[in-house]
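Line by line, the protein sequences give chains A and B. Counting along the first sequence from 1, when you hit position 253 you're at 238 in this note's numbering, and nothing is skipped either side. Numbering-wise, this note's numbering comes out as the position in the second sequence, counting from 1, plus 599.
FYI, nobody ran anything at the bench for these hints, they're computed from the structure. Please note that a few of the clues may not be correct.
Stated by the list, open to error - Here are the computed lysine-lysine pairs in the DSS-like style, where the Cα-Cα straight-line distance is at most 25 Å:
id	chain 1	residue 1	chain 2	residue 2
1	A	253	A	106
2	A	271	B	721
3	A	71	A	106
4	B	659	A	271
5	A	201	A	271
6	A	271	B	698
7	B	698	A	18
8	B	659	B	702
9	B	685	A	25
10	A	201	B	659
11	B	698	B	685
Claimed, not checked - Just some of the chain B residues that point at chain A, by a computed CB distance under 10 Å:
id	residue
12	632
13	633
14	636
15	650
16	654
17	656
18	658
19	660
20	680
21	683
22	714
23	715
All C-beta atoms, glycine included, are put in the ideal place defined by N, C-alpha and C.
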Amino acid sequence: MEIKKTSLNKLHQSNNAKFVEFAGYEMPIQYSKGIIEEHKFTRSHSGIFDVSHMGQLFIYGDESLTEELEKIFPLDLKNLKQNCSKYSFLMNEDAGIYDDLIITKIEEGYLIILNAACKDKDFEILSNLLGSKFKMNLDNNRSLIAIQGPKSVEILNSIINGVDQLNFMTGNWFNSDNQKLFVTRSGYTGEDGFEISITNDKAEKFVENLIEKGAKLIGLGARDTLRLEAGLCLYGHELDINKTPVEANLRWAISKSRLSNGGFIGSKKIMNQMQDGASQIRVGIKPEGRLIAREKTKIFNDTDKQIGEITSGTFGPSVNGPIAMGYVDKEFSKVDTKILLEVRGKKHPANVCALPFYKKNYVKGVN
Amino acid sequence: MSEVKFSKEHEWITLEGDVATIGITKHATEMLGDIVFAELPEKGSNVEKDGTAGVVESTKAASDVYTPVSGEVVDTNQAIVDDPSKINEDPEGAAWFFKLKMKDQSEMDSLMNKEEYDKFAKESAS
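Please model the entire structure based on the sequences and the hints provided.
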């Protein structure tokens, strides 16, 4: 199959991107300055991320759509206000996660942002669940640009006036330069920021404009170190079809009002696990010293019993040390529990720690 | 000091008397990206030509460091363990990895000179 390219591919090239294949797309892993500088620039200024490979699924409908979606997602969508976003999951009957996603209630229905590697399957699953009653559009004509970091609000507001009035996890349609953009205040870095849905033909010029105002292009490499410092899950690593939201320590994302009556796919398993606890749970892990424990590193207790596995591990540039996330048996999931990580045949000490590794700076009380 | 020689695993090596100094090339650091971890062989240990003699990790991945010649490790560069970013800053100078007392200096003969290595690196990168 031919590798897919986003509408910003040429711009990445002219900015000396190093490319990797990711979910069938040719994506920039880094630019000439490297991952650490890109990471730090995002934390101190403003980074631009091309996330156009992600799925933008518009589902059109009224209250009857809300009712149908409540049978799928563990969310109180009836009480979700228009233009408000929620983090959620598409699950199977065993509460195994097909995908994690952001769903926003919009005037026309719902906008769901899906992971690139999952989006086609998600579309098929949702089409089967919803039938032909609602129009669905996995929109390939729109690019998705994220701008993240403390200077992002000032930069973006100078191009799209009014985005500074959005609270975190809300969005709206905006008009700029004769185009209709959907902007949400959200992101995947632990910083204040926005995600902008824009038609493909306008994307390059829009990003060039952001660059002119002082923001810089950031690759997938720094996107990974930023999200890991922020303690955020990456599908295919922390989350997959064999993990549930309770095991992933994401109970906060399940609406309380949906737990008493269930009625969403996977609710039985979720309600059981909420009551009895899961046997393994996702935790933050800090190796001692400088040692990096990568994905699939085995975790042991002090009597040589394997108690879990690392799902993501790297060097955190803002933490200035190694960081990781992984799953451990419930009894070892408490903060400050001493564990051992087997790297290159030797066991190294590490500690279970609280997430996130890096404190978030989300904007909540604008209006 | 001898001419700098290079290996296909992207190490450089110089020889002074029977002691060889070994590090990784600038080209290697450019391929790896930001280096954030380095592990060196133990002083007093013996390493064999083309065997592993350390590890470097970038933000992206871990890579083995190989030794282009055999010998006894007589010194290691603790400065790059304490601050691995030094490897990106001066890979073919201050950020040497380890020194070996060589057994068989003829092992140097099969290594590349600068011109040969530059050509090799250019070809292997594309």
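Each hint tested on the structure:
The suggested pairing of residue 253(A) with residue 106(A) holds, with an alpha-carbon distance near 23 Å, which does not exceed 25 Å. Straight-line distance between C-alpha atoms of residue 271(A) and residue 721(B) comes to about 38 Å, which puts the hinted pair past the 25 Å bound. For the hint pairing residue 71(A) with residue 106(A), the CA-to-CA distance comes to about 21 Å; that is within 25 Å, so the pair holds. Using a Cα cut-off of 25 Å, the hinted pair residue 659(B) and residue 271(A) holds, with the two alpha carbons roughly 18 Å apart.
Between the alpha carbons of residue 201(A) and residue 271(A) the distance comes to roughly 30 Å, so the proposed pair goes past 25 Å and is violated. With a C-alpha separation of about 32 Å, the suggested pair residue 271(A) and residue 698(B) falls outside the 25 Å cut-off, and the hint is violated. Note on residue 698(B) and residue 18(A): the hinted pairing is violated, with a Cα-Cα distance of about 31 Å set against a maximum of 25 Å. Only pairs whose Cα atoms come within 25 Å are accepted, and residue 659(B) paired with residue 702(B) is rejected, the gap being roughly 36 Å.
For the proposed pair residue 685(B) and residue 25(A), the alpha carbon gap of about 18 Å is at most 25 Å, so the pair holds. Of the pairs offered as hints, the one joining residue 201(A) and residue 659(B) holds, with about 20 Å between alpha carbons and a cut-off of 25 Å not exceeded. With a C-alpha separation of about 18 Å, the suggested pair residue 698(B) and residue 685(B) falls inside the 25 Å cut-off, and the hint holds. Among the interface hints, the one on residue 632(B) holds; its C-beta lies about 6 Å from the nearest C-beta in chain A, closer than the 10 Å criterion.
For residue 633(B), the suggested interface contact is upheld, since its CB lies about 4 Å from the closest CB of chain A, less than 10 Å. Because the closest C-beta pair between residue 636(B) and chain A is about 5 Å apart, less than 10 Å, the hint holds. With 10 Å as the threshold, the beta carbon of residue 650(B) stays out of range of chain A, its nearest partner Cβ sitting at about 14 Å, so the hint is violated. Taken as an interface hint, residue 654(B) checks out: its beta carbon lies about 7 Å from the nearest beta carbon of chain A, inside 10 Å.
Proximity of residue 656(B) to chain A holds as hinted, the smallest CB-CB distance being about 5 Å (cut-off 10 Å). Residue-level restraint check for residue 658(B) holds (minimum Cβ-Cβ distance to chain A is 4 Å; threshold 10 Å). Taking 10 Å as the C-beta contact cut-off toward chain A, the hint placing residue 660(B) at the interface holds, the least distance being around 8 Å. Because the closest C-beta pair between residue 680(B) and chain A is about 8 Å apart, less than 10 Å, the hint holds.
This hint holds: residue 683(B) has a C-beta 7 Å from the nearest C-beta of chain A, less than the 10 Å allowed. Annotation: interface hint on residue 714(B) violated; nearest CB of chain A at approximately 26 Å, more than 10 Å. With 10 Å as the threshold, the beta carbon of residue 715(B) stays out of range of chain A, its nearest partner Cβ sitting at about 26 Å, so the hint is violated.
In summary, the structure is inconsistent with hints 2, 5, 6, 7, 8, 15, 22, 23 from the numbered list given earlier, while agreeing with the others.
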